[in-house]
Amino acid sequence: NAGVTQTPKFRILKIGQSMTLQCTQDMNHNYMYWYRQDPGMGLKLIYYSVGAGITDKGEVPNGYNVSRSTTEDFPLRLELAAPSQTSVYFCASSRLGQLNYGYTFGSGTRLTVV
Amino acid sequence: QKEVEQDPGPLSVPEGAIVSLNCTYSNSAFQYFMWYRQYSRKGPELLMYTYSSGNKEDGRFTAQVDKSSKYISLFIRDSQPSDSATYLCAMSQAGTALIFGKGTTLSVSS
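Residue numbers (the working numbering), protein chains in the order written: chain H, 1 to 114; chain A, 1001 to 1110.
Check the hints yourself; a few may be wrong.
In silico DMTMM-like cross-links for lysine to aspartate or glutamate, where the CA-CA straight-line distance does not exceed 25 angstroms [claimed, not checked]: (1) H:14 / H:38; (2) A:1042 / H:72; (3) A:1002 / H:59; (4) H:14 / H:72; (5) A:1002 / H:73.
Bear in mind the hints are in silico, worked out from the structure with no lab data behind them.
Take these sequences, add in the hints, and give me the full structure.
Given below as structure tokens:
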């Protein structure tokens, strides 16, 4: 029962570099989300997906891209990394119509851009 | 006015105390209200869920929603050192993603 798996756990990027944060879930959840968490700022939604092939922007999408080619995977792409993207990134998933179970979160990717 | 307001604390209490955590919100369309607990360097985990108004109790935890005042609360009875964590309120309308508060950091000393 892996739940939501995020890789890598930690990463240091140089300004201008690119990377992909991986997220996979094995619960057959329809909905998947990417949030970022800055100290004292709660969780802010970057992108979300309601199913394979369907994605939409959240509150803070600039500088990021996503794709959802399968139900299981929802990678987050950072192009031209900037110091403002230093944060902890959480992927989450939920099942359509079962919000009472809430979101299942991964353990996070801690990213530093220098 | 932000959609969800939550006092970040920190809040420090002795073991056995009753803890009250609160959030206010501005969007009257919110119907789903949750509390998540997040331990240091871990992902949030669902603690309590409430639909619309009312109270819900689970062991030492009680969640309250007052939609008329746009105010939700989480009460922790007989607090334990293991309750030391950040507590995030979250809420949404039907069909939309959860919006989170900033989180309140709680420390329970033995």
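Against the structure, the hints:
For the hint linking residue 14 of chain H to residue 38 of chain H, the alpha-carbon distance of about 19 angstroms falls within 25 angstroms, and the restraint holds. About 21 angstroms separates the Cα atoms of residue 1042 of chain A and residue 72 of chain H, which keeps this hinted pair within 25 angstroms; it holds. With a C-alpha separation of about 13 angstroms, the suggested pairing of residue 1002 of chain A with residue 59 of chain H holds against the 25 angstroms cut-off. Note on residue 14 of chain H and residue 72 of chain H: the hinted pairing is violated, with a Cα-Cα distance of about 29 angstroms set against a maximum of 25 angstroms.
Pair hint residue 1002 of chain A plus residue 73 of chain H does not hold up; C-alpha atoms about 32 angstroms apart against a cutoff of 25 angstroms.
Hints 4, 5, counting from the list given before, are not met by this structure.
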